[in-house]
Amino acid sequence: MPAVLEISGLEKTYRSRRRGARKALDGFDMVVESGEVHGFLGPNGSGKTTTLRTLLGLITPNGGTMTLLGQRVPAALPHVARRVGAIVESPQFFPNFSARDTLSLLADAGGVNKQRVTEVLEQVGLRDRAKERVGTYSLGMKQRLAVASALLKQPDLLILDEPANGLDPGGIREMRTLMRGLAASGMTVVLSSHILGEVQLICDSVTIISRGRRVAYGPVADVLAQHAGAGVTVKLESADDLSAAAEVLIAAGARVTPEADRLVVSNVEKPAWVTRTLAEKGYFVSELAPVKVDLESVFLELTQTAPVAGQARQVDDSAVAAPAQGGWGV
Amino acid sequence: MSLAKAEVRRLFKRRVTRIFLAITLIGLAIFPVAFVFNSKPSTPEVRAAAEAEATRNFDQSVVQFQAMVAECEAAKARGETGLDDRYGPNCGADFGPQREWYTAEQFMPYEFNFRDEFPPSLAVLAAILAMVAFVIGASFVGAEWNSGGMMNLLLWRPRRIPVLLTKLGVLIGAMFGLTVVVGALWTAAFWAIGRYDGNLGKLTAGVWQSFALSGARGAALVLLAATLGFCLASIGRHTAMALGVGIGAIVISEIGLRILFELVRVQFGDRWILSTYLVAWFDKSLKITNWRACELATGPCTPPEYIVTWQQSSVLLGAALVLAVFGAVWSIRRRDVI
Ligand SMILES: Nc1ncnc2c1ncn2[C@@H]1O[C@H](COP(=O)(O)OP(=O)(O)OP(=O)(O)O)[C@@H](O)[C@H]1O
Ligand SMILES: [Mg+2]
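Chains as they are written, first to last, in UniProt numbering: chain A, 1 to 330; chain B, 1 to 338.
Okay, chain A solo, but in the shape it has when bound (with noise of 0.2 Å):
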């Protein structure tokens, strides 16, 4: 399958005269092939509003190479412009427009059939309210516009950026139906978001980003495989030993995170290693089980921002990857 969006070695840095310069994206790689729905992860402050903006031509880039549909862009964004819907970290609006006459221009700077405009309204749960100023919209509604923007062009690449910020439940399983709705028709759906939940049963593949790199990416399945394994979760008989059995493993090399009855350890071969060390030492292990993965806990390994007690992570606090082979980084 062609690949519909490909980042490679992209770097931005933002500079202010005030605060200097803040890298943002530091050799970033990315690539979304076609027909499939793309989870792009990562921290707060990583990279993942940066990166989409650039895609859009919205932030220059101080290097790396970006295709979209199979054109390079920025140069050939006017060109694909037409077939790339995107909302953008909470789109705002004009305020005193109504979510109709919103739409309706955007049509018709773009050149769509006003017909659209009260499809995607539909499409979003907007039709009853559609005559109401913007200003006046709660935050979900504002982002059911947002998504209804994007929808507008009958894109061949949706770019969507946290849309299921501010939605009801009832909004992100929709949400969720429609994006594989969408999928299931041919359109290419990129989506960033932070409940890894509902990304896992949307998307058929992520990118995880941390501190502008990428640290991980494939198809979800994969993902979670080449982490699986990685981990067991350990019970003593007596539960009062669990800190000093928590040490004896640390000191034997291996990553362990203490739970209120059991120990996650990860870094270790085999399981039975975790036995075999803790009863050396006295401890009897009274169940041993494989972690069962899910894209959070690997999205908190990967990023490293699992929270660890009595410590308040500041955002920056993330996993560094090497850059990738052929990337731009240090």
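A hint or two may mislead.
As the list claims (entries may be wrong) - Derived list of chain B stretches under chain A, where covered just means 3 residues or more per stretch with a C-beta under 8 Å from a C-beta of chain A:
id: 1; stretch: 12-21
id: 2; stretch: 144-152
id: 3; stretch: 157-165
If you're looking for bench data, these hints aren't it; they were derived computationally from the structure.
Predicted model only: the values in this text are computed from it and were never measured.
Backbone N, C-alpha and C define an ideal beta-carbon position, used for all residues, glycine too.
Following the hints, put chain B with the ligands in place on chain A, whose structure we already have.
Frame of chain A; chain B with the ligands shown alone:
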């Protein structure tokens, strides 16, 4: 083309545009109405009434004069002295009021004269329209930037400079249309006042041509103001930027500099003041007189003069225009849209 159509719709859907246009039209309508109320055409009846009033006034002063002379003569008969100082020689009897001092013109009511009074009214119209155009232009693009509407639009039309220039073109076109329509109504209203409720004056082809030229100069000012407001708001990405610069320029130039020049006694200080150039542009030239050079105590003196021409104005205004448009284009091209 579709973008231009969308922008025209957007411009006239905006509340700022609608409210400002409504207020402007109502405000402008006050002027002709006020003239209608004040102007009285000089019909034969009005002239006859004024003539009668002049005669009545003359008669009244003759009566007063004769009373005064009589009083003086009575005093003289009583043998008072020093009367010449108070009444003049011969009791002032040789200096009675003359009939020709009392003309009907002095007693005519105000009569609007189209030919003489229309050109200054054009200046007023241009000034008002220019202010409105500045605000509408600034808000048209400023609110777009500020609300994120511009970003949305750029997702649909990624060519930034054509997008900006299309918006500017739509604004200029709309303001030009507004100026032409309002200008035509304005002319028609004042012409009608002159014709039916005043005096048209002698309207030759040359006079009309000069009206047309004044109108064109005024229209150019309106379009300049719209462009400056638009470009400043686009550079600052906020309506307030343009309004701030506009108000700042007025305060600094018209108040600050004037006070400063007064304090440090600058010769021809008006040369450095913005409104001088606006007036010169509109009136073809403006004479600044340096009264300060004259020592009035030492007798008569012709103060030195400095003439600001409309050519100088057009260089200044043209430079401001080029700078603003260039700045706006450069900034939308180079700066990230966040
Ligand atoms: N306009 C800007 N000027 C300076 N720095 C910026 C600007 N926009 C973003 N950044 C910085 O770039 C980094 C990446 O920001 P970005 O918005 O891309 O993060 P994100 O992955 O979208 O985060 P979130 O999940 O919170 O939306 C952050 O450190 C941010 O502070
Ligand atoms: Mg973001």
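Do the hints match the structure? See the list:
Check on the stretch 12-21 of chain B: 3 of its residues sit with their Cβ under 8 Å from a Cβ of chain A, so the three-residue criterion for coverage holds. With a cut-off of 8 Å between beta carbons, the stretch 144-152 of chain B has 6 residues touching chain A; three or more are needed, and the interface restraint holds. Proximity of the stretch 157-165 of chain B to chain A, defined as three or more residues with a beta carbon under 8 Å from a beta carbon of that chain, is established by the 3 residues found.
In this structure, every one of the numbered hints holds.
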